[in-house]
Structure formats: structure tokens, C-alpha cells
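Colleague: Chains as they are written, first to last, in numbering that gives the first Met the number 0: chain A, 0 to 181; chain B, 0 to 99.
There's no promise every hint is true.
Here chain A is said to cover these stretches of chain B; the calculated rule only asks that three of the stretch's residues, wherever they fall, bring their Cβ under 8 Å from a Cβ of chain A [claimed, not checked]:
#: 1; region: 12–25
#: 2; region: 34–48
#: 3; region: 52–58
#: 4; region: 66–77
#: 5; region: 81–88
Calculated cross-link-like contacts (lysine to any residue; reagent style SDA-like; alpha-carbon spacing at most 20 Å) [unchecked claim]:
#: 6; chain 1: A; residue 1: K30; chain 2: A; residue 2: A107
#: 7; chain 1: A; residue 1: K177; chain 2: B; residue 2: V80
#: 8; chain 1: A; residue 1: K116; chain 2: B; residue 2: L82
#: 9; chain 1: A; residue 1: K177; chain 2: B; residue 2: A2
#: 10; chain 1: A; residue 1: K116; chain 2: B; residue 2: A2
#: 11; chain 1: A; residue 1: K177; chain 2: B; residue 2: I78
#: 12; chain 1: B; residue 1: K86; chain 2: A; residue 2: K116
#: 13; chain 1: B; residue 1: K86; chain 2: A; residue 2: M79
#: 14; chain 1: B; residue 1: K85; chain 2: A; residue 2: K30
#: 15; chain 1: A; residue 1: K177; chain 2: B; residue 2: A81
Honestly, the hints are just simulated from the structure, not real lab data. Please read these numbers as outputs of a predicted model, since none were measured by experiment. Idealized CB from N, CA, C, for every residue including glycine.
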Amino acid sequence: MEQLLIKIGQNFFLIFGVIALGGATTMIFAKNAVHSVMGFLLSMLAVAGCYLSFGAEFMGVAQLLVYAGGIVVLFLFVVMLVELSKAKEKGLFQRQTPFALALVLAGAVAFVGVFWKTLFGASAREALTLAPGLVAQGEKLGNAQMVSRGLFAEYLLPFEILSVILLVALVGAVVLAKAERV
Amino acid sequence: MPAMNQVLLISFLLFSVGVAGVLIRRNALIILMCAELMLNAANINLIAFARHSGTVAGQAFALMVMGLAAAEVAIGLAIVVALYRKKNSISVDEINLLKG
């Protein structure tokens, strides 16, 4: 039992990654758009688990709040707002579906082929470890504090630009979605 | 900690699924969701390598990618709603307003 738990703990990332892949596959192949959104939700929750397995607690919680809490609800809202019965009659998938899937599969095979040594060689099996100099600092500060140092000290300008982008997107969304006559 | 090859492989596969979704679906909403999925696959790499290099830059930029993704969703959904008002459909095959 203990062995099993240790094994699960070691493969935390792999388990969540496979769950995320399952959710994503459900998302692109589901016939019902609501099921697609549910697959997306599962995928986003699993990606949050992946972030936790990297020791990035702040990013994991932000992922839960932003994606599972905000974006999925927005998507669900629009899916239910838009009537999709017409789309069903005309077919859910494009005509080029088999070619597109074959292309993506070929791309995946090419990726694994090119990076075979990188992916499965001896050097690739070493774990992603924290750099030794930063272990002490990381333990002292905690993840959220480290991220906030990065955001508000080192990368303040990109952060401010991002806030302007969000404002523009907000105004743009209101203008786009507004009815024609005021 | 997960090994590097696991991280690269999983994030590449997630990205591939996103690309496949964009290529095969007709529904504009699902195409938007696939774009989000691709951004998340990139985020996994950013955070994993932030851990690897010991700097906080990867996590900070992953947070910025997340903010950009939120802006993208807001605009994308507004466009979808506007299109549905205009064309009564959100199938990308029927959106050819700019065709000469």
C-alpha cells in the first residue's frame, strides 16, 4: 500500500497529464457542445494538478480560479446562448478531417523521431530539480511571494502592459457584443 | 519531481490535440477552446522550466499568458455572439463576409 502511494506520488504529473489529454480528446470529438465544454473543464483541472506537481502552488490556484471558475462558465454561457441545432444538421467536422488528423499524427511522429534521444535518452530521465542556489530562498519566501517579486519588481512593465491589454479587451468585448441599435 | 521527457511529451501531445481540434471542428466556440488548450500546453512548459532554471521568470510569464488568454476569450466570445446575431450561425464554414 505504501509502495503504491509512493509510486503515485512520483508519477503525479504523468497521471494528471493523461487526464488532461483525455479531457482534451473528449473536447474535440464530443458531438454535443456542452460535453465539449465539460471535457475542457476536466482538462483545465488536470493542468492545474500538473502545475501543483511542479511546486507552483500559486499558478495552480490561479489556473483553477481563472479557467475552471471564469472561462469555462463564460464558454458554457455562450454555448447555451447560441442555438446549435442547425450546426448538427450540417455535420460537426470539416471535410478535411481525415487529412488533418493524419497531418497532426505525422507531426507527432516526426517530433518524437527528431527528439528521440532528447526524450528517451539517459539524460532526459533526470528530474526537473530546483537549482541549488534557490532552494533556500524558495523555502524562505514561498511560491506566491516569489511570483509576486517577479511580477512587481523584475517584470513590472510587461505586467502593466498586460493590464492595459485587459482593459482594451474589456471595452472591445462590450462594443462587439452590443446590439446594433443603441 | 517529474522527469523532463514526461513534461515535454505531455505538453506536446496537448498542443497536438489543440491543433487537431482547430483543424477538424466547424464550431467556432470549440475552435476557441482549442486555442486555449494550446496556450495551456505552452504554460506547462513555462512553469516546468521555471522550476528547472530556478528563476521566477517562467511563472511570471505563465501568469501573463493566462491574462492574455482571458482577454482573448473575452474578445473571441464577443465576436461569436456578434456573428450569431448577424448570420444566425457560428459555423466557421458560413463565415465568408470578407470573400470578394
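Colleague: Could you run down the list of hints and mark each one as holding or not?
Modeller: To see whether the hints hold, each was checked on the structure:
Counting residues of the region 12–25 of chain B whose beta carbon lies closer than 8 Å to any beta carbon of chain A gives 12, which meets the minimum of three for the stated coverage. Closer than 8 Å: that is the beta-carbon criterion, and the region 34–48 of chain B has 8 residues meeting it against chain A, so the requirement of 3 holds. Judged by the Cβ-Cβ criterion of 8 Å, the region 52–58 of chain B is covered by chain A as claimed, because 6 of its residues qualify and three suffice. Coverage of the region 66–77 of chain B by chain A holds in this model, with 11 residues showing a Cβ closer than 8 Å to a Cβ of that chain against a need of three.
Chain A is given as covering the region 81–88 of chain B, and this holds because 5 residues of the stretch bring a CB closer than 8 Å to a CB of that chain, at least three being needed. Taking the CA atoms of K30 of chain A and A107 of chain A, the gap is about 25 Å. The hint is violated against a cut of 20 Å. Straight-line distance between C-alpha atoms of K177 of chain A and V80 of chain B comes to about 9 Å, which keeps the hinted pair within the 20 Å bound. Of the pairs offered as hints, the one joining K116 of chain A and L82 of chain B is violated, with about 47 Å between alpha carbons and a cut-off of 20 Å exceeded.
This hinted pair does not check out: K177 of chain A and A2 of chain B have alpha carbons roughly 49 Å apart, beyond 20 Å. At most 20 Å may separate the alpha-carbon atoms for a hinted pair to count; K116 of chain A and A2 of chain B meet this at roughly 14 Å. About 10 Å separates the Cα atoms of K177 of chain A and I78 of chain B, which keeps this hinted pair within 20 Å; it holds. Restraint check for K86 of chain B and K116 of chain A: the C-alpha separation of about 51 Å exceeds 20 Å, so the hint is violated.
Taken as a hint, the K86 of chain B and M79 of chain A pair is honoured in the structure, with Cα atoms around 17 Å apart against an allowance of 20 Å. Pair hint K85 of chain B plus K30 of chain A does not hold up; C-alpha atoms about 25 Å apart against a cutoff of 20 Å. About 8 Å separates the Cα atoms of K177 of chain A and A81 of chain B, which keeps this hinted pair within 20 Å; it holds.
In summary, the numbered hints that this structure violates are 6, 8, 9, 12, 14.
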